[in-house]
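Visitor: Okay, here's what each chain looks like letter by letter:
2 protein chains.
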Amino acid sequence: MKNVGVAILGLGVVGSGTYKILRDHREFYKETQGVDLSVEGVLEIRKEKALALGIEESKIYDNIAEIVSNPNVDIVVEVIGGVEPAKSFVLAALHSGKTVVTSNKELFCKYWHELEKAAKRTNAGLYFEASCVGGVPIIRTLIDGMQANVISNLTGIINGTTNYILTRMTREGANYQDVLKDAQKLGYAEANPSADVEGYDAAYKLSILSSLAFHKKVPLDKIYREGITEIQSCDIAYGDELGYTLKLLAIGKNGEKGIEVRVHPAFIRKDHPLASVNDSFNAVFLKGDSVGDIMLYGRGAGDLPTGSAIVSDVIYAATHSDVKYATFKNTQQAEPGVKFVNDFRSRYYIRFTAKDRAGVLAKVAGILAKYNISISDLIQKGEGCENLPIILITHETNEYSVRRALEKIGMLDDVVSVDATIRVES
Amino acid sequence: MKNVGVAILGLGVVGSGTYKILRDHREFYKETQGVDLSVEGVLEIRKEKALALGIEESKIYDNIAEIVSNPNVDIVVEVIGGVEPAKSFVLAALHSGKTVVTSNKELFCKYWHELEKAAKRTNAGLYFEASCVGGVPIIRTLIDGMQANVISNLTGIINGTTNYILTRMTREGANYQDVLKDAQKLGYAEANPSADVEGYDAAYKLSILSSLAFHKKVPLDKIYREGITEIQSCDIAYGDELGYTLKLLAIGKNGEKGIEVRVHPAFIRKDHPLASVNDSFNAVFLKGDSVGDIMLYGRGAGDLPTGSAIVSDVIYAATHSDVKYATFKNTQQAEPGVKFVNDFRSRYYIRFTAKDRAGVLAKVAGILAKYNISISDLIQKGEGCENLPIILITHETNEYSVRRALEKIGMLDDVVSVDATIRVES
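From first to last, the protein sequence lines are chains A and B. At position 6 of the first sequence the residue is numbered 6 (full-length UniProt numbering), and the sequence of numbers has no breaks. At position 414 of the second sequence the residue is numbered 414 (full-length UniProt numbering), and the sequence of numbers has no breaks.
Just so you know, the hints here were simulated from the structure itself, not pulled from any lab data. All values derive from a computational prediction rather than experimental measurement. Fair warning: there could be bad hints in the mix.
Said to hold, decoys possible - Across the chosen pairs, the derived CB separations fall in these ranges:
{"no.": "1", "chain 1": "B", "residue 1": "Asn398", "chain 2": "A", "residue 2": "Lys270", "range": "31 to 39 Å"}
{"no.": "2", "chain 1": "B", "residue 1": "Val35", "chain 2": "A", "residue 2": "Gly54", "range": "31 to 39 Å"}
{"no.": "3", "chain 1": "A", "residue 1": "Lys181", "chain 2": "B", "residue 2": "Lys30", "range": "33 to 41 Å"}
{"no.": "4", "chain 1": "A", "residue 1": "Arg403", "chain 2": "B", "residue 2": "Asp24", "range": "36 to 44 Å"}
{"no.": "5", "chain 1": "B", "residue 1": "Asp221", "chain 2": "A", "residue 2": "Glu396", "range": "35 to 43 Å"}
To be verified - Taking lysine to aspartate or glutamate and the EDC-like style, the derived pairs with C-alpha atoms no more than 16 Å apart in a straight line are:
{"no.": "6", "chain 1": "A", "residue 1": "Lys324", "chain 2": "B", "residue 2": "Asp289"}
{"no.": "7", "chain 1": "A", "residue 1": "Lys324", "chain 2": "B", "residue 2": "Asp322"}
{"no.": "8", "chain 1": "B", "residue 1": "Lys324", "chain 2": "A", "residue 2": "Glu172"}
{"no.": "9", "chain 1": "A", "residue 1": "Lys20", "chain 2": "B", "residue 2": "Asp289"}
{"no.": "10", "chain 1": "B", "residue 1": "Lys20", "chain 2": "A", "residue 2": "Asp271"}
{"no.": "11", "chain 1": "B", "residue 1": "Lys324", "chain 2": "A", "residue 2": "Asp62"}
{"no.": "12", "chain 1": "B", "residue 1": "Lys381", "chain 2": "B", "residue 2": "Asp240"}
{"no.": "13", "chain 1": "B", "residue 1": "Lys270", "chain 2": "A", "residue 2": "Asp271"}
{"no.": "14", "chain 1": "A", "residue 1": "Lys47", "chain 2": "A", "residue 2": "Asp62"}
{"no.": "15", "chain 1": "A", "residue 1": "Lys270", "chain 2": "B", "residue 2": "Asp271"}
All C-beta atoms in this analysis are idealised placements derived from N, C-alpha and C, irrespective of residue type, glycine included.
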């Protein structure tokens with residue numbers, strides 16, 4: 001039986017989950033994987049936290065040097081999060097030739113090349129399944145399951161907090177602020193929710209996932225990002241009437257014009273498999289040239305689901321002798337020659353408020369036509385009121401055309417306000 | 001650059017798809033995987049088929065011996081299907097130390113232990129992702145993605161033909177025979193459809209998948225199997241009224257009482273992620289003790305989707321030096337000590353035709369109560385007719401109790417016939 005020692009850096013939510021899984025499954029892994037995984041150390045300054053989990057005092061460290069110099073530690077699990085001190089700790093482990101397993105999306109998205117360089121130098125393993133979409137094995141799938149395919153499209157619901165909020169807004173017709181407060185009470189959203197609700201968390205993950213899917217480093221700054229804070233529940237209801245569900249989508253496309261990466265709220269048709277991904281569940285939808293459409297669905301966060309991904313990497317590292325690194329050039333920026341699309345194409349849901357006067361629609365339609373935008377659906381509400389909402393969905397068009405057309409529409413005398421612009425993905 | 005030679009045994013649908021993928025992606029794999037995969041031989045007696053694909057004449061063989069003795073061939077892809085001659089060919093390849101990649105579910109399900117023994121002897125790789133659920137990477141996920149979990153439940157829609165037929169019966173209210181004929185015309189069903197519609201194909205796959213999920217060999221003969229040939233569209237419609245969708249499910253459970261494996265039509269709630277898996281799409285839903293619920297969705301058959309799984313295994317074999325075999329004892333039967341559950345628990349949809357007389361329902365309810373079966377839903381149709389259908393759904397109960405109760409109900413004077421019994425899964 002092979003003995004493999006594990007150290008866990010940080011006993012927060014994911015660290016504690018990881019510890020519990022390793023502790024409770026030790027015999028199971030011996031039987032089914034032929035490997036004895038023992039936790040040889042934890043790095044945690046809150047000693048009482050470690051003791052409460054039943055960890056022996058002699059294995060609780062407050063100093064990374066003691067862990068990376070411990071010959072019993074083969075694999076270092078980093079679940080601290082954020083850039084520092086996680087980065088220094090991971091580099092120290094790699095320098096000592098320890099394999100690293102991490103759930104740290106921000107670190108990985110920003111310093112992938114640097115970590116990989118360090119890992120290669122000592123031939124250490126570097127695994128990051130837990131950095132994206134929690135327990136869903138999307139990274140292993142991209143590297144070892146879909147690698148026969150040229151992937152043209154990756155669309156994901158990859159942030160649980162925003163999906164929980166949007167699901168409740170959809171079900172209850174409640175407004176954003178009320179649901180957010182409730183989500184914070186229930187632990188689904190942080191006290192400072194901006195990383196989630198502004199789309200940063202999804203953008204980190206999209207950077208990692210689209211880099212793997214498209215075999216080109218997709219840096220964070222190439223990702224268009226828009227959060228859900230401005231979403232009004234009436235738009236969710238109008239969209240529903242037209243057959244759509246609103247989700248915060250992370251979208252990566254790779255086509256002739258280049259790579260297109262964006263995180264923003266979007267309507268999708270109710271019969272799309274992503275439309276029924278609700279609450280804090282996540283899913284990633286991929287399109288490969290051979291496989292066609294596939295989707296992976298599961299829990300994107302939480303102590304045990306993310307711990308499952310961590311321990312899956314630990315077992316993989318413990319039972320495979322060769323490491324397959326990602327194949328990017330060692331650069332933090334985009335490689336020269338890789339093109340990125342800014343003026344992407346989409347359909348658009350537009351809501352504006354107009355005065356109830358003859359000819360308003362004709363003027364609006366005229367402006368849209370000037371920018372080659374054609375209308376596929378239209379609802380007009382509240383007949384007889386002085387001001388009334390008009391909702392329309394366009395056919396596919398360019399982002400820049402829509403922006404310019406909306407500026408012009410906003411300047412019409414009969415238009416009181418342009419209230420909402422939401423992309424519609426097909 | 002590593003050069004790896006591939007031979008393809010059989011240029012049927014999957015073989016041709018595999019060849020096309022390898023041919024069209026050769027440069028792509030060099031770039032992204034660092035490996036040059038060349039097709040060094042095909043075994044195909046229909047020479048013109050190979051020539052039409054653009055294969056050089058010198059690489060077309062009609063004799064397995066020439067392929068397994070060819071030093072340029074490292075990996076042998078078996079896509080012939082069925083037991084013989086596929087089995088002899090695979091064994092010949094393994095004896096020569098060639099790694100084998102196969103899509104052959106019947107062969108793998110029946111002779112897994114024998115193939116694995118042969119592979120271990122020469123340290124050859126043995127990969128079978130394409131044997132189950134086409135392009136969906138469910139085998140890699142079970143082996144390398146979910147291995148941190150004790151899996152208690154695996155539920156799948158793993159046969160495309162039956163899902164296509166049931167989807168059309170559901171949408172159109174059409175009857176089984178008509179849709180089957182249409183499916184045969186369109187190439188979704190074979191001229192002799194019994195392997196699909198009687199559930200054999202799903203049972204082969206369930207045997208493989210549940211063996212991997214539960215780390216115990218689950219032999220074919222332990223799987224309860226029931227096809228879709230008796231399904232009437234009126235039951236699909238009544239189920240719809242009660243909030244359920246009908247699917248052919250492959251179900252594996254592993255609990256305290258033992259392993260329970262069954263393939264049969266079943267109603268599932270419309271909001272279950274499997275309920276929206278339509279047409280020829282497949283999906284597998286897993287429950288792990290750490291990860292919770294996860295689902296993989298995609299195309300379960302077809303030249304390119306299954307070819308994608310084959311080539312994914314080929315690349316994996318070409319880029320990983322160590323082989324991880326499954327961990328069963330070398331036996332074709334169930335291991336002694338492994339318990340299997342026959343009298344499984346489920347909810348039941350029951351439809352029977354009764355004479356419109358007072359007291360029928362009371363008598364039926366009385367019999368059910370005697371067997372400890374309680375009713376959760378009931379619809380009675382066609383009031384005023386002489387004979388009328390009564391539809392009920394039970395709470396969870398034992399299979400054997402239901403069978404005995406239905407025998408008694410069938411003997412009641414006022415009951416004309418017991419027309420349908422369909423399990424309801426939650």
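Visitor: Out of the numbered hints, which ones does the structure contradict?
Guide: 2, 3, 5, 6, 8, 10 and 11
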